[in-house]
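Student: Now for the letters of each chain:
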Amino acid sequence: GENVEQHPSTLSVQEGDSAVIKCTYSDSASNYFPWYKQELGKRPQLIIDIRSNVGEKKDQRIAVTLNKTAKHFSLHITETQPEDSAVYFCAASIWNNDMRFGAGTRLTVKP
Amino acid sequence: NAGVTQTPKFRVLKTGQSMTLLCAQDMNHEYMYWYRQDPGMGLRLIHYSVGEGTTAKGEVPDGYNVSRLKKQNFLLGLESAAPSQTSVYFCATAPGTGVSGANVLTFGAGSRLTVL
Chain P
1 GENVEQHPST LSVQEGDSAV IKCTYSDSAS NYFPWYKQEL GKRPQLIIDI RSNVGEKKDQ
61 RIAVTLNKTA KHFSLHITET QPEDSAVYFC AASIWNNDMR FGAGTRLTVK P
Chain D
1 NAGVTQTPKF RVLKTGQSMT LLCAQDMNHE YMYWYRQDPG MGLRLIHYSV GEGTTAKGEV
61 PDGYNVSRLK KQNFLLGLES AAPSQTSVYF CATAPGTGVS GANVLTFGAG SRLTVL
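Residue numbers (this note's numbering), protein chains in the order written: chain P, 1 to 111; chain D, 1 to 116.
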């Protein structure tokens, strides 16, 4: 099955700085790559996703890039705010059949 | 419109006991999943279903069984609980292929299970 690795496991930035989280996947057939945010004690929620036919996608302060050749994708958060503090998970799947998650990155934004 | 509801929210078991976690959804989603979340290990897929009457193994299926007799319900069973199964369990659903937002997972609130 698919194997997703995520780095770093923890990330601390100053408010206003940018944060980058990177993931690699093993199965070249994977075609869907979402990112989920989980605040303390809450359920994960989708923040952005990208499909394999697109190289980059942006939504306000959040962007995701995908390099299919290298089998890696990244989450970029600009102008970070304290409310961005959470655990972020990347995931990969072939359509919906078997979605595998990375181990997560705990992002702390210091005011 | 409750979305995805998991019951129970908390449970303490003794080693060897059995129990069933229920995931119920009212969104008419085709796909349903059970994940477990452990510190430092992210979300690991236990079993999933791509439609009523179907189930498939995920990454960590051993020690668990599932059933999807009705489209809206996905049950996760532990026949003989072990301390290694202490975890937070999340159910998730997705609309399925051919639908707008087909791949987006909607998670339940989680069920915290402790096995002593």
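Simulated from the structure, these hints should not be mistaken for laboratory data. Be a bit skeptical, because a hint or two may be false.
[Unchecked claim] SDA-like cross-link-like pairs, simulated, lysine to any residue; straight-line CA separation at most 20 Å:
1) P:42 to D:71
2) P:42 to D:106
3) D:57 to P:94
4) P:37 to D:71
5) P:37 to D:70
6) P:42 to D:57
7) P:37 to P:1
8) D:57 to P:41
9) D:71 to P:98
10) P:22 to D:9
11) P:68 to P:40
12) P:42 to D:9
13) P:37 to D:110
14) P:37 to D:3
15) D:57 to D:70
16) P:110 to D:106
17) P:42 to D:110
18) D:9 to P:57
19) P:68 to D:38
20) P:37 to D:57
21) D:70 to P:97
22) D:71 to P:97
23) D:57 to P:1
24) D:57 to P:98
25) P:37 to D:102
26) D:9 to P:40
27) P:22 to P:50
28) P:57 to D:104
29) D:71 to D:2
30) P:42 to D:3
31) P:37 to D:11
32) D:57 to P:22
33) P:42 to D:70
34) D:57 to P:81
35) D:57 to P:72
36) P:58 to D:104
37) D:9 to P:41
38) P:37 to D:114
39) P:42 to D:5
Student: Now tell me if each hint is right for this structure.
Tutor: Hints, verified against the model:
{"no.": "1", "hint": "P:42 to D:71", "in the structure": "violated, 25 Å"}
{"no.": "2", "hint": "P:42 to D:106", "in the structure": "holds, 12 Å"}
{"no.": "3", "hint": "D:57 to P:94", "in the structure": "holds, 15 Å"}
{"no.": "4", "hint": "P:37 to D:71", "in the structure": "violated, 27 Å"}
{"no.": "5", "hint": "P:37 to D:70", "in the structure": "violated, 30 Å"}
{"no.": "6", "hint": "P:42 to D:57", "in the structure": "violated, 26 Å"}
{"no.": "7", "hint": "P:37 to P:1", "in the structure": "violated, 24 Å"}
{"no.": "8", "hint": "D:57 to P:41", "in the structure": "violated, 27 Å"}
{"no.": "9", "hint": "D:71 to P:98", "in the structure": "holds, 18 Å"}
{"no.": "10", "hint": "P:22 to D:9", "in the structure": "violated, 33 Å"}
{"no.": "11", "hint": "P:68 to P:40", "in the structure": "violated, 32 Å"}
{"no.": "12", "hint": "P:42 to D:9", "in the structure": "holds, 13 Å"}
{"no.": "13", "hint": "P:37 to D:110", "in the structure": "holds, 15 Å"}
{"no.": "14", "hint": "P:37 to D:3", "in the structure": "holds, 18 Å"}
{"no.": "15", "hint": "D:57 to D:70", "in the structure": "holds, 18 Å"}
{"no.": "16", "hint": "P:110 to D:106", "in the structure": "violated, 29 Å"}
{"no.": "17", "hint": "P:42 to D:110", "in the structure": "holds, 8 Å"}
{"no.": "18", "hint": "D:9 to P:57", "in the structure": "violated, 36 Å"}
{"no.": "19", "hint": "P:68 to D:38", "in the structure": "violated, 29 Å"}
{"no.": "20", "hint": "P:37 to D:57", "in the structure": "violated, 25 Å"}
{"no.": "21", "hint": "D:70 to P:97", "in the structure": "holds, 19 Å"}
{"no.": "22", "hint": "D:71 to P:97", "in the structure": "holds, 16 Å"}
{"no.": "23", "hint": "D:57 to P:1", "in the structure": "holds, 10 Å"}
{"no.": "24", "hint": "D:57 to P:98", "in the structure": "holds, 9 Å"}
{"no.": "25", "hint": "P:37 to D:102", "in the structure": "holds, 19 Å"}
{"no.": "26", "hint": "D:9 to P:40", "in the structure": "holds, 16 Å"}
{"no.": "27", "hint": "P:22 to P:50", "in the structure": "holds, 14 Å"}
{"no.": "28", "hint": "P:57 to D:104", "in the structure": "holds, 16 Å"}
{"no.": "29", "hint": "D:71 to D:2", "in the structure": "holds, 16 Å"}
{"no.": "30", "hint": "P:42 to D:3", "in the structure": "holds, 15 Å"}
{"no.": "31", "hint": "P:37 to D:11", "in the structure": "violated, 26 Å"}
{"no.": "32", "hint": "D:57 to P:22", "in the structure": "violated, 27 Å"}
{"no.": "33", "hint": "P:42 to D:70", "in the structure": "violated, 27 Å"}
{"no.": "34", "hint": "D:57 to P:81", "in the structure": "violated, 39 Å"}
{"no.": "35", "hint": "D:57 to P:72", "in the structure": "violated, 25 Å"}
{"no.": "36", "hint": "P:58 to D:104", "in the structure": "holds, 17 Å"}
{"no.": "37", "hint": "D:9 to P:41", "in the structure": "holds, 12 Å"}
{"no.": "38", "hint": "P:37 to D:114", "in the structure": "violated, 25 Å"}
{"no.": "39", "hint": "P:42 to D:5", "in the structure": "holds, 14 Å"}
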